[in-house]
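Engineer: As they're listed, the protein sequences go chains C and Z.
Using the numbering used here, you'd call the opening residue of the first sequence number 12 and step up by one each time.
Using the numbering used here, you'd call the opening residue of the second sequence number 12 and step up by one each time.
In case anyone wonders, no lab produced these hints; they're calculated from the structure.
Heads up, a few of these hints could be off.
No copy labels: a pair is met if it fits in one copy or bridges any two.
What the hints assert, rightly or not - As a list, the in silico SDA-like pairs of lysine to any residue whose alpha-carbon atoms are at most 25 Å apart:
hint, residue 1, residue 2
1, Lys185, Arg290
2, Lys279, Glu176
3, Lys217, Asp51
4, Lys102, Ser50
5, Lys185, Pro67
6, Lys291, Ala180
7, Lys102, Val78
8, Lys102, Val14
9, Lys102, Pro67
10, Lys35, Ser265
11, Lys185, Gln49
12, Lys102, Asp188
13, Lys86, Thr103
14, Lys86, Arg290
15, Lys102, Pro88
16, Lys35, Thr53
17, Lys102, Pro52
18, Lys35, Val92
All figures in this text were calculated on a predicted structure; none of them were measured in a lab.
There are 2 protein chains.
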Amino acid sequence: MHVFDAAAVHAALPWPFLIEALRKAHLGEMPASDVVVQSDPTGGEAQFVTLPGWAPGGPIVVKMVGVFPHNASLKPPQPAVQGLVALFDGKTGGPLLVADGAAMTARKTAADSALGAALLSREDAEDLLIVGAGALAPHFAEAHLAARPSLRRVMIWNRTVARAEAVAAQLREKGIDAAVTGDVDGATARADIVSCVTMSDTALIKGALLRPGTHLDLVGAYLPTLREADDAALTRGAIFVDNRNNMQGGGDLSQAVASGAITWDAVKADLFELVRGERKGRTGADQITVFKNNGGAHLDLFTASALSQTLG
Amino acid sequence: MHVFDAAAVHAALPWPFLIEALRKAHLGEMPASDVVVQSDPTGGEAQFVTLPGWAPGGPIVVKMVGVFPHNASLKPPQPAVQGLVALFDGKTGGPLLVADGAAMTARKTAADSALGAALLSREDAEDLLIVGAGALAPHFAEAHLAARPSLRRVMIWNRTVARAEAVAAQLREKGIDAAVTGDVDGATARADIVSCVTMSDTALIKGALLRPGTHLDLVGAYLPTLREADDAALTRGAIFVDNRNNMQGGGDLSQAVASGAITWDAVKADLFELVRGERKGRTGADQITVFKNNGGAHLDLFTASALSQTLG
């Protein structure tokens, strides 16, 4: 059995390889998966989530992830979300690999959005705006650059400017043309691809400002109470999701449905339908496309399977 | 995070250490645990079982185990049961260790019975009979010798004699006085402790033959259709179980209840009650004690916690 720590996970899954692995995986069936959420038995806020999944004819994966909101206040601080992903041979049950959970989550989440951008964004997109400067932000910048090589520049906006500066510096070290903007509205109006990776509970992206042809990627609002883009973004754009089974959990679409701005019928396709060619993606250079990334255990399985391919 | 392969699991958990760790763990609460059983999505016989548990104020453990009946016919053959145990810090969710599942299961199962024998068998027990010669048999011999140091001799009986010979030879290499018997009835009548670790579906132990004072350990009959000891063994003996929550699954007690030989009220105590002194164990040198070991996810958690203590 192989063990991949965080650095080994990132090294083993270059973006072009992982994006293509996810694309191919979406040609197959959605794996069967379960979820067990356990709360701290002493009554604390912490939760531990276990997600076992089994791909038909493929491997078995178990994602185990702790969500401990108070970890940031520990001395030294620890990430709130930590865990492991374990992969087993679907023909024997034998353990194949164990991988750092936070790195796997970062990798699969960014590659999921990057696959969406590869399928939906304009082929001549040049300007990428990343909204948010948390741990995932640099991964989202790099994954989009891999998915759409025409991109020339990355702008970073974040409520706390110093963190945006840190992400931009980190990207520049890798030779990427990255800069910080203090004007999210202006940057929204200039970008060809906007990727939102925040914990915002109010819309940061005004749909009225989006240029025709822009691709809007929404990642952060994974709870019904969170929101990254306003109703206008959803009514102006053609809406896509990563998978229909999971699309009602996040706030962007569910709040827009609740307000009456859209109905669930507005969702044109998910990644399975797009990859298989069952439904159309972008229909013209002036169309605004919106991709809501809700994630899911199947992406852990697809990503762990890709990791197992690197074992040779 | 530390990784324990099978050899490292066995080396890190010497029997006296593990038996004492299990004893202390039974002073605390039964951990909250869940179980997810997934069947091969292509319709095969194989199953994959995921058991997450969380001890109040303690660690989180996830046991992952594949049950693949056809592994024995593979070339080369593989064990039918394989898997992993992962342990996480209950205060942060951070991964602490991953350990070979088969070795952890062997270790916890034998130590569970050994704790039963330590609490229930006569202190002057000298003769141990092991019934069955599968992978667990040598572990059960060694664990009982550690739990009851007065034991002088080990007899092994198995339907296939050659496998009993192999287990006896393995024990003799460790300096243990071990021999094979072809006469299970005669050996039953001579033994002070009888430990049954079989997959038998008919009773191998005749209760009428048990000597007063014998301790009978029943491990194998984990399904309602399996059976190791007859009704007479259960009516002559004082019955104990490892935990009451799990006691109705195995065939020995459930078939004896179904036949009317005993009622569930015949179960005098479980390990939690015995360790805490809430209920009595053996009440005299002539009493026959019967311990039904049904296992459970809490023992995986206790054993993984013991393993984490070795990390220092």
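Engineer: Does each hint hold? Answer for all of them.
Structural biologist: Comparing the hints with the structure gives:
1. Lys185 with Arg290: Answer is neither: 37 Å inside a copy and 67 Å across each miss the 25 Å cutoff.
2. Lys279 with Glu176: This pair counts as neither: shortest intra-copy Cα distance 36 Å, inter-copy 68 Å.
3. Lys217 with Asp51: Answer is neither: 39 Å inside a copy and 47 Å across each miss the 25 Å cutoff.
4. Lys102 with Ser50: between (33 Å within a copy, 12 Å between copies)
5. Lys185 with Pro67: Answer is neither; intra-copy 39 Å and inter-copy 46 Å both fail.
6. Lys291 with Ala180: Result: close neither inside a copy nor across copies, 38 Å intra and 69 Å inter.
7. Lys102 with Val78: Cα proximity of Lys102 and Val78: across copies only (10 Å, versus 32 Å in one copy).
8. Lys102 with Val14: Answer is both: 20 Å inside a copy and 23 Å across each meet the 25 Å cutoff.
9. Lys102 with Pro67: within (11 Å within a copy, 36 Å between copies)
10. Lys35 with Ser265: This pair counts as neither: shortest intra-copy Cα distance 29 Å, inter-copy 50 Å.
11. Lys185 with Gln49: neither (40 Å within a copy, 44 Å between copies)
12. Lys102 with Asp188: neither (46 Å within a copy, 41 Å between copies)
13. Lys86 with Thr103: Between. Shortest inter-copy distance 12 Å satisfies the 25 Å Cα cut-off; intra-copy 43 Å does not.
14. Lys86 with Arg290: neither (51 Å within a copy, 44 Å between copies)
15. Lys102 with Pro88: Between. Shortest inter-copy distance 12 Å satisfies the 25 Å Cα cut-off; intra-copy 41 Å does not.
16. Lys35 with Thr53: Between copies only: 20 Å across chains, 44 Å inside a chain, cut-off 25 Å.
17. Lys102 with Pro52: between (36 Å within a copy, 11 Å between copies)
18. Lys35 with Val92: Classified as neither; 28 Å inside a copy, 31 Å across copies.
Checked against the numbered hints above, the structure breaks hints 1, 2, 3, 5, 6, 10, 11, 12, 14 and 18 and satisfies the rest.
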